[in-house]
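K.L.:
Sequence:
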Amino acid sequence: MMFRTHILFAFFFYFLALKIFSFSWLFALLLALGAILPDIDSPSSFVNKKYMLGIGKSISFFSVHRGFWHSIYGAAIFTFVSLVITFFAHASIFYALALFSGYILHLAADSLNVSGIKWFWKSGHLRWKIRTASLSEQIFFVALLVLTLYIAIGNEGFKKISAFVLRKP
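Positions in the sequence shown are counted from 1; adding 124 to them yields the numbering used here.
Watch out, some of these pointers could steer you wrong.
[Said to hold, decoys possible] Cβ-Cβ distance ranges computed for the label pairs, FRET-style: (1) Ser146 with Ile196: 22 to 32 Å; (2) Ser260 with Phe212: 40 to 50 Å; (3) Val270 with Phe147: 17 to 27 Å; (4) Ile209 with Phe288: 40 to 50 Å; (5) Leu290 with Phe212: 29 to 39 Å; (6) Phe145 with Phe211: 18 to 28 Å; (7) Ala287 with Phe244: 14 to 24 Å; (8) Ala287 with Leu207: 42 to 52 Å.
Calculated directly from the structure, the hints in this document are not laboratory data. Note that CB positions come from ideal geometry on N, CA and C, so glycine has one too.
Input sequences plus hints: build the corresponding full structure.
P.N.:
See the structure below:
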């Protein structure tokens, strides 16, 4: 999936979780960052092109896309590094939780893809039928966007926006 779909997938679950828990916007941003980080193993990914130039190029040189870093083992290593950083930065452990949750949401979203991922790296694939950048991903993106907006602004706000968008000129 494309980076924007991964970010929206993370925000969807963020707004869903807000119905039960109280999280900051920093948590949401870290969740979104975690949701694009697994693609660090792809030299053509958004995160590699824009932010992780040196580290990403090294990782993508020594690994394959949707390989080790798209597994629970890659998530565990990433989480360990996040925890070490939060410890030495004297930051909240919830920041590491946000990054980890975003990472796992990325893996879950990639499981919906035709290629799937190997959650346990060397074991079998878990896959679905959405091809990257296809019409089916666009439909999934729009449906997820509508659901995210509905959850974020509530029923009344959604009705007002829907009436405004669908009004006749």
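K.L.:
Is the distance from the Cβ of Ala287 to the Cβ of Leu207 consistent with 42 to 52 Å?
P.N.:
Once the Cβ atoms are compared, 47 Å apart, the range 42 to 52 Å for Leu207 and Ala287 holds.
K.L.:
Is 40 to 50 Å right for how far apart the beta carbons of Ile209 and Phe288 are?
P.N.:
holds (43 Å)
K.L.:
Given the hint of 40 to 50 Å, check if Ser260 and Phe212 actually sit that far apart at their C-beta atoms.
P.N.:
Taking Cβ atoms as reference, Ser260 and Phe212 lie about 43 Å apart, which means the hint holds.
K.L.:
Using the C-beta atoms of Phe145 and Phe211, is the stated range 18 to 28 Å upheld?
P.N.:
Check passed, 23 Å falls within 18 to 28 Å.
K.L.:
For Leu290 and Phe212, compare the CB-CB distance with the range 29 to 39 Å and indicate the outcome.
P.N.:
Between Leu290 and Phe212, where Cβ atoms are some 51 Å apart, the hint is violated.
K.L.:
Taking 22 to 32 Å as the hint, is the beta-carbon distance of Ser146 and Ile196 inside that range?
P.N.:
holds (28 Å)
K.L.:
Quick check: does the Cβ-Cβ distance between Ala287 and Phe244 fall within 14 to 24 Å?
P.N.:
violated (48 Å)
K.L.:
Within 17 to 27 Å: is that where the Cβ-Cβ distance between Val270 and Phe147 falls?
P.N.:
Taking Cβ atoms as reference, Val270 and Phe147 lie about 22 Å apart, which means the hint holds.
In terms of the numbered hints stated before, the structure departs from hints 5, 7, listed from lowest to highest.
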